[in-house]
Structures are given as C-alpha cells and as structure tokens.
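Based on the provided sequences and hints, a complete structural model is requested.
159 is the number that the numbering used here gives the last residue of the sequence shown; the numbers go up by one with no jumps.
Hints in this document: simulated from the structure, not taken from any laboratory. The beta carbon of each residue, even a glycine, is placed where N, CA and C say it ideally should be. Hints should not be assumed to be uniformly reliable.
[As the list claims (entries may be wrong)] Label-pair restraints from in silico Cβ distances:
| hint | residue 1 | residue 2 | range |
| --- | --- | --- | --- |
| 1 | Asp71 | Trp156 | 36 to 42 Å |
| 2 | Arg104 | Gly38 | 33 to 39 Å |
| 3 | Asn98 | Ala70 | 31 to 37 Å |
[Claimed, not checked] For lysine-lysine, the following BS3-like pairs were computed, each having C-alpha atoms within a straight-line distance of at most 30 Å:
| hint | residue 1 | residue 2 |
| --- | --- | --- |
| 4 | Lys57 | Lys100 |
| 5 | Lys84 | Lys57 |
| 6 | Lys62 | Lys84 |
| 7 | Lys75 | Lys26 |
| 8 | Lys26 | Lys62 |
| 9 | Lys84 | Lys100 |
| 10 | Lys100 | Lys58 |
| 11 | Lys75 | Lys62 |
| 12 | Lys100 | Lys62 |
| 13 | Lys57 | Lys26 |
| 14 | Lys57 | Lys75 |
| 15 | Lys26 | Lys84 |
| 16 | Lys26 | Lys58 |
| 17 | Lys75 | Lys58 |
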Amino acid sequence: MICLIQRVNHSKVDVAHETIGEIGAGLLVLTAFQPHDNSDSIKKMTHKLLNYRVFADENDKMNLNVQQAKGELLLVPQFTLAANTKSGLRPSFSTSAPPQQAASWFDEFVTLVSRAYTQPQTGQFGADMQVSLTNNGPVTFWLEI
15 MICLIQRVNH
25 SKVDVAHETI
35 GEIGAGLLVL
45 TAFQPHDNSD
55 SIKKMTHKLL
65 NYRVFADEND
75 KMNLNVQQAK
85 GELLLVPQFT
95 LAANTKSGLR
105 PSFSTSAPPQ
115 QAASWFDEFV
125 TLVSRAYTQP
135 QTGQFGADMQ
145 VSLTNNGPVT
155 FWLEI
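Okay, structure coming up:
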C-alpha cells in the first residue's frame, strides 16, 4: 500500500465539475494498492498515516501528527502511484491491484480512518477527478507498507 501525503492549507476534489470532497488545513492523501496488500497492510497504513508527524509544534518542529494538529483528511484513490516506471517510457500497471480489489480496499481504508480519527472527505474510485491543493511547506511524503 502506498500513500503520498501532502500537508495542505486547502484541498478539494471535483468530479464532473462538482466538488465531492473538500478540506481546510490537514492532509491530502493519494492512495494506491498493490496485489500483495491485505487488511493487515491497510491497518498498518492507517496507524502510520494518523500518527506520522508532519505538523509543526510550538517550536516549529515537525512533532505533531494530524490528530494532534486537529487536521482534516482528504483520501483520494490514485492507482497510478503503484505503476512500475523502472524501464521504458510508458508506465506499466502490472504492479497495481486489480480495480475491483483496490476499490474494496479503499473502502476499508476509509472505514478504518473514520473509526480511528474522523470521517475523511474522499475522492471517487475510478472517476476522472480534478484534485487541487495548496501545499503547506511544501511538505510531501511517500508512505509505503
């Protein structure tokens, strides 16, 4: 499982010119699944995401996680993160989980995040999404389980 997290001041996702998810200060989380993922990897990523310290404390050090910073979450499925780009000039998606399985895992991820912290805003699996953000920092990290 891969999550590309970006600390944002604002982010939103539109589908067919309609905003379906929007947050203020928090994390935009682009999420991809690989064939070897399972419920255990989703639980581990949920824990890592919610506890990863990327927000500044009173000394301007990255010591606070999204929960401590009371940040919002926007979870967006993005299968292209799992692409194999090691050779050639075109990505291979053989390293991405099959769409039906990835959709189920994304739903499970959203449910676990909701139970552990707060109801996140989400993108729409399989849709042509337009994602916008104002990256704070910029701060971007690649998390992988």
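To see whether the hints hold, each was checked on the structure:
1. Asp71 / Trp156: 36 to 42 Å: violated (23 Å)
2. Arg104 / Gly38: 33 to 39 Å: holds (37 Å)
3. Asn98 / Ala70: 31 to 37 Å: Given a distance of about 36 Å, which is inside 31 to 37 Å, the answer is holds.
4. Lys57 / Lys100: At roughly 28 Å apart (the allowed maximum being 30 Å), lysine 100 and lysine 57 satisfy the hint.
5. Lys84 / Lys57: holds (21 Å)
6. Lys62 / Lys84: The hint holds at about 16 Å.
7. Lys75 / Lys26: holds (27 Å)
8. Lys26 / Lys62: holds (23 Å)
9. Lys84 / Lys100: Between lysine 84 and lysine 100 the Cα gap is close to 38 Å, so the pair fails against 30 Å, i.e. violated.
10. Lys100 / Lys58: Since the Cα atoms of lysine 100 and lysine 58 sit roughly 26 Å apart, the hinted pair holds (cutoff 30 Å).
11. Lys75 / Lys62: Given that 30 Å is the threshold and the Cα spacing comes to 19 Å, the pair holds.
12. Lys100 / Lys62: Given pair lysine 100, lysine 62 holds - Cα atoms ~27 Å apart, limit 30 Å.
13. Lys57 / Lys26: Within the cut-off at roughly 25 Å; holds.
14. Lys57 / Lys75: At roughly 27 Å apart (the allowed maximum being 30 Å), lysine 75 and lysine 57 satisfy the hint.
15. Lys26 / Lys84: holds (18 Å)
16. Lys26 / Lys58: holds (26 Å)
17. Lys75 / Lys58: Given that 30 Å is the threshold and the Cα spacing comes to 25 Å, the pair holds.
Checked against the numbered hints given earlier, the structure breaks hints 1, 9 and satisfies all the rest.
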